[in-house]
Amino acid sequence: MPNATFHSVATSVAGWSRRMFLTASATSLAVPLFARTSRAEAMDPQTARAKDPRDPANLALTVNGRKHQLALDARTTLLDALRERLGLTGAKKGCDHGQCGACTVLIDGRRVLSCLTLALVAEGRAVTTIEGLAKPDGTLHPMQQAFIDQDAFQCGYCTPGQILSAVSCVEEGHAANDAEIREYMSGNLCRCAAYPNIVAAIKQTKHSMREG
Amino acid sequence: MAADAAPEPKANMGQPVPRLDARLKVTGEARYAADFPVGNPAYAFLVTSAIAKGRIIRLDTESARAVPGVLDILTQDNTAELKEVKFGSGGASTSIQKLGPEIAHDGQIIAMVVADTFEAAREAAYKVKATYAEDKPSATFGDEGLKEEDATKVSERHKHVPKVGDADAALASADVLVDAEYGTPTQHHNPIELFATTCVWNGGQLTIYEPTQFVYGLKNSLAKKMDVAPENVRAISPYVGGAFGSKGQFTPRTGLVALAAKKLNRPVKLVVTRDQGFTTATYRAETRHHIRLGARRDGKITGYSHEGWEITSRPDAYVVAGVEDSARIYGFGAVQTKVNAVHADRNTPGFMRSPPVVPYIYALESAMDELAARLAIDPVELRRINDTMHDPITGKPYSSRSLMRCYDEAAKAFDWSRRNPEPRSMRDGDWFIGLGCATAVYPTHVGPAAARVRMLANGEVQVQIAAHEIGNGAYTVIGQMAAERLGVPLSSVKVELGDSSLPPAPVAGGSNTTASACSAVLKACDAIRVRLARSVATTDRGRAAGFAADNGQEMRADLFRRLGVGAIEEYAEFIPRGGKPDAVKQLYAGQVAMTGGPNGEKLMYAFGAEFVEVRINALTREIRVPRIVGAFAAGRLMNTRTARSQYMGGMIWGISSALHEATEIDKARARYVNDNLADYLVPVNADIDRVEVILVPEEDHEVNPAGVKGIGELANVGTAAAVANAVYHAIGIRIRELPIRIEKLLDA
Amino acid sequence: MRPFTYERVDSATAAIAAFGAGAVGAASERQYLAGGTTLIDLMKLDVMRPQTVIDINALDRTALGRVETNDQGLRLGALAHMSEVADHPVIKRDYPMIAQSLELAASPQIRNMATLGGNVLQRTRCPYFRDVSYAECNKRIPGSGCAALDGFNRSHAVLGVSDACIATYPGDFGQALIALDAMVELRGRNGDRKLPFGALHRPPGGNPEIETALLPGEIITGFAIAAAPWLRRSLYLKIRDRQSYEFALASAAIALDMGKNQIVQEVRIALGGVASVPWRARSAERALQGRRLNEQTARAAADTAFADANPHEHNLFKVGLGKRTLVRALLQAATMEL
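Chains as they are written, first to last, in my numbering: chain A, 7 to 218; chain B, 108 to 855; chain C, 3 to 340.
Quick caveat, the hints were computed from the structure, so don't treat them as lab data.
Cβ coordinates follow ideal geometry from the N, Cα and C atoms, glycine included.
Do not take every clue at face value.
To be verified - Now the stretches of chain B that chain C is said to cover, found in silico as 3 or more residues with beta-carbon under 8 Å:
| no. | stretch |
| --- | --- |
| 1 | 115 to 128 |
| 2 | 225 to 232 |
| 3 | 548 to 558 |
| 4 | 786 to 797 |
Unchecked claim - Examples of chain B residues lying across from chain A (beta carbon under 8 Å, computed):
| no. | residue |
| --- | --- |
| 5 | Lys132 |
| 6 | Arg381 |
| 7 | Gly566 |
| 8 | Ser752 |
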């Protein structure tokens with residue numbers, strides 16, 4: 007299926023993305039890196055002022071196999087770090103409180119909610135987002151293709167979370183039958199209500215995923 | 108492989124091609140409003156009122172301003188330059204636009220914090236402290252202090268009161284009478300995408316990224332709000348993460364973001380929290396209904412009386428007035444209707460998926476089932492006896508109507524004949540089984556639209572129209588229309604939507620997008636065909652005009668050669684029959700006038716029939732829906748895949764409306780209590796089992812040039828009644844107030 | 003969310019040391035962070051405002067993350083994740099109530115994140131507790147009142163409530179632990195100690211802000227459940243509006259040792275969704291002891307269990323629903339095929 011959609015804003019988007027990545031890298035280069043964050047010192051020796059717990063903490067996040075050095079407010083969630091700092095906007099904010107599943111990502115291969123995960127907690131672990139699911143040559147993961155084949159979305163907003171959750175559902179061995187798939191996909195709300203098509207997409211994929 | 112997802116097209120149905128935007132959506136590359144990167148954004152966080160009625164006496168922002176990273180805090184004291192935008196269609200969602208000192212509803216915006224980081228903005232927002240002088244609010248029906256008005260006197264949305272004959276007399280002399288009251292709860296759209304707004308100023312030019320069902324409305328309203336010329340504002344919204352009516356109007360947050368960005372000379376990004384979305388946008392208001400339905404012993408209805416009451420805010424008389432539709436759908440005999448606006452201390456309600464018909468048809472279709480039971484006539488047969496091809500009010504004919512064909516096809520697929528009509532007669536182990544049905548109906552709307560189409564000699568086609576992709580498949584069906592008219596494969600067509608720099612399309616409301624946008628695209632494509640045809644001698648024109656049908660690349664290349672151009676571009680404006688001559692000009696200014704439904708020379712409606720099986724545990728009384736079947740006829744279907752998905756989602760919405768959704772109000776405080784997705788229940792995957800959609804062929808050349816009726820708001824209508832009717836059949840209790848929950852069934 | 007200092011530790015000892023060395027202020031200003039599904043949620047809502055957050059996730063690689071089963075019973079490390087325990091084949095087979103109580107809770111993603119220790123300490127879902135814009139909440143602000151009493155209280159508790167608080171304990175796993183007389187293992191500055199699980203949570207009384215018997219800095223290291231003849235015939239029944247991903251309106255945990263002719267040798271009953279704390283229904287157990295289990299005796303036991311119920315405007319139905327849930331669970335347990 008060729009990509010038949012375009013927007014006049016597309017080129018400027020790419021430009022912005024590049025700039026943002028440069029900003030992120032520059033920030034991380036300017037600040038000394040710690041292997042692991044430690045408790046705040048009473049005084050910051052570099053600035054000779056009382057250290058504020060809001061001061062950026064340094065961390066390395068490994069996302070889709072790529073390591074990023076970041077300096078972040080400790081309160082930053084993994085979701086906000088991905089979206090606002092790394093330009094990976096596939097994970098979506100739908101509730102910010104663990105009630106909808108739109109922010110689902112994989113950490114060390116397990117599906118979790120990035121909105122309730124501090125970025126600092128994800129340090130040293132492998133984070134996979136929807137952007138990391140297809141092969142580098144653009145070949146879709148079978149689950150992505152199945153979502154297209156089965157029309158398993160409408161507005162598409164919950165879709166990245168649904169797909170990552172669906173991949174986990176199969177890998178966990180929780181896709182034995184329709185009832186089990188439905189139960190184990192119940193952490194991802196779809197307000198357009200594509201649920202039966204999502205179940206169909208998982209059924210389409212589960213064998214090919216096992217073979218592959 | 109995907110047979111269910113891609114139904115074989117029947118007569119007058121387009122191919123089930125996969126969505127044009129599918130790849131972007133499964134890879135996370137589709138950009139929703141909050142996904143657009145902007146350089147060095149500041150982050151905003153709203154502060155909302157903790158009371159529903161009263162005044163702010165003091166707003167303490169000192170400790171909030173002291174939070175490192177805070178750049179600005181907008182309050183009533185520094186936002187006076189924002190202009191009022193008029194409430195109503197194509198305008199503001201509410202008249203309550205000021206940040207104080209008067210508080211008119213729970214969760215009214217009273218301040219907005221802007222900071223370098225989201226974390227700092229949120230911390231500071233919680234440190235803004237308001238002191239109030241609180242008055243006792245009126246929350247909803249049954250409370251003191253409400254103000255009730257005849258809606259025709261105050262609402263721009265209810266001007267025609269359906270009435271014919273002497274309904275009181277007909278009801279008094281009816282053999283059988285149903286006289287019942289029904290109620291529906293407050294509901295919130297809760298699209299999974301939050302209400303996000305990002306504003307970027309570049310000199311005097313303002314770009315806004317906001318999920319919207321109407322980029323031209325957003326552009327023009329924001330221009331008014333900021334007192335700038337509309338040409339200086341560009342609204343961008345290529346993908347909307349669910350809307351359902353919630354993103355069609357201009358809400359108070361938007362001007363604040365634009366103002367903050369202007370003051371700071373820096374992009375500002377706001378993502379409204381889920382709970383704040385309950386009070387800073389709109390909702391479906393709670394309604395009450397009094398219905399009287401009288402019939403002869405043989406089932407012929409002789410009189411229908413329907414009075415509705417709808418909650419609204421203090422200043423705005425928003426009503427949906429679904430009697431304007433419900434009064435048409437059967438041969439009622441005498442009809443009388445009335446709608447009342449009931450003002451409370453609440454935010455202003457607004458459009459939510461099928462606004463007029465959802466509550467009113469729920470009430471009517473419940474009463475129809477009660478009438479069938481009273482008459483001991485099968486509910487399907489009762490509809491057949493009262494089926495009509497004419498408006499019972501005016502006598503106007505329907506342009507097309509396939510209601511009974513829908514009933515017959517769905518009843519057969521559902522195996523309705525196995526139903527024992529006796530309530531509480533069907534059981535499977537510990538579960539009562541109930542079967543119910545109801546009618547789905549939605550008025551066909553069409554609005555003005557403009558489109559630009561460019562065709563290159565090599566067959567590549569670009570389509571530009573500011574229609575909206577809200578999950579409706581707009582990219583796909585618009586692309587299909589162009590491909591079909593210009594005789595090129597769909598893969599050669601590129602579609603641009605959701606940007607106010609493109610030619611305008613109406614608000615994606617009233618399910619008009621396919622009808623309006625495709626009609627405009629069709630017109631532009633036909634203009635290209637005419638230009639190509641003119642390039643050859645008169646005698647060849649007939650054949651040349653048919654190049655699309657021939658799908659002949661050589662002929663196309665030849666025609667372009669004769670014209671001596673590399674591309675042909677046509678801009679077309681479409682004004683529906685009955686539309687005003689300046690309708691497109693108005694559309695550019697953000698105003699839409701729709702036609703259709705009951706208002707033209709003919710009645711234009713889509714119909715469907717839905718059958719539901721419910722199971723109720725005999726002990727604990729939880730209700731589950733293992734199966735639902737719906738058959739729908741809505742003129743031409745552009746794409747059976749996207750159509751089926753929309754119907755399926757609609758039916759699930761209907762189940763949700765029947766069993767789950769209700770915004771709970773703390774009556775003493777007039778505040779929404781379950782303002783989150785853990786407590787505002789919508790179905791999860793495990794709630795939905797078998798959903799079957801039957802696409803019933805229907806041809807209607809009168810509704811619009813594209814021949815399509817809207818489908819996005821059809822399948823969720825009537826479902827709640829079908830569920831309620833099935834619950835009655837399962838357990839013998841008639842629940843007349845939604846949602847139907849365990850506690851209402853425990854005492855039987 | 004208020005600013006906090008973040009620390010990561012890799013042992014229980016280090017965690018306790020870090021807690022003790024916490025910057026300033028009261029113990030409530032220091033919090034251990036595991037799955038974060040309660041803490042981060044409530045910090046975003048400004049309900050919880052720790053100044054120090056001690057990340058103990060690395061402890062899942064120690065004994066605290068392990069699940070051990072043998073003839074004597076079961077030991078569950080506090081840092082084990084809900085999903086691992088729910089999927090554990092031995093627990094599914096021999097302790098079905100435990101597996102079910104975990105599997106029916108939350109969502110797959112949350113069960114992957116949340117740990118057992120955090121699960122039992124999850125805070126109430128009372129909307130007036132979770133929203134700081136309400137001035138009245140004795141749990142958040144001692145002495146401020148309780149908005150739920152005259153507010154919308156459909157989800158609230160009918161058992162173990164007080165005039166100060168009617169918030170529901172939202173968990174499921176806790177019902178299994180209290181039904182099975184689990185011991186909770188704790189480590190603190192003064193060494194290790196054990197508590198019966200039933201002594202961990204405190205009903206609200208006049209001090210709803212005090213929810214547990216934990217000492218400042220004390221950490222839950224695990225749970226021990228002794229082998230018993232009623233474990234195989236056990237189950238967790240959860241009733242809710244929707245099929246999944248919702249807290250219980252009412253639930254029942256049943257473990258049953260049934261002799262010939264349906265005679266109850268031993269039964270363990272706990273109730274969820276209806277009480278302020280994990281709720282053991284001992285009077286119902288006594289009512290069934292030595293009796294034949296049938297619908298009639300089950301109903302009588304259920305009436306006993308709710309004899310002291312104290313409902314409010316919108317949760318009156320929970321008395322009836324709670325009883326029906328218990329009856330259904332008992333009858334279901336009686337007919338389980340072993």
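Here is what the structure says about each hint:
1. 115 to 128: Since three or more residues must qualify, the claim that chain C covers the stretch 115 to 128 of chain B is violated, with 0 doing so at under 8 Å.
2. 225 to 232: holds (count 3)
3. 548 to 558: Our answer is that it is violated, as 0 residues pass the Cβ test (under 8 Å) against chain C, missing three.
4. 786 to 797: Per the Cβ count (7), the hint holds.
5. Lys132: holds, 3 Å
6. Arg381: Because about 5 Å separates B/Arg381 from the closest Cβ in chain A, which is inside the 8 Å limit, the hint holds.
7. Gly566: violated, 13 Å
8. Ser752: holds, 5 Å
In the structure shown, a violation is registered for the earlier hints numbered 1, 3, 7, in ascending order.
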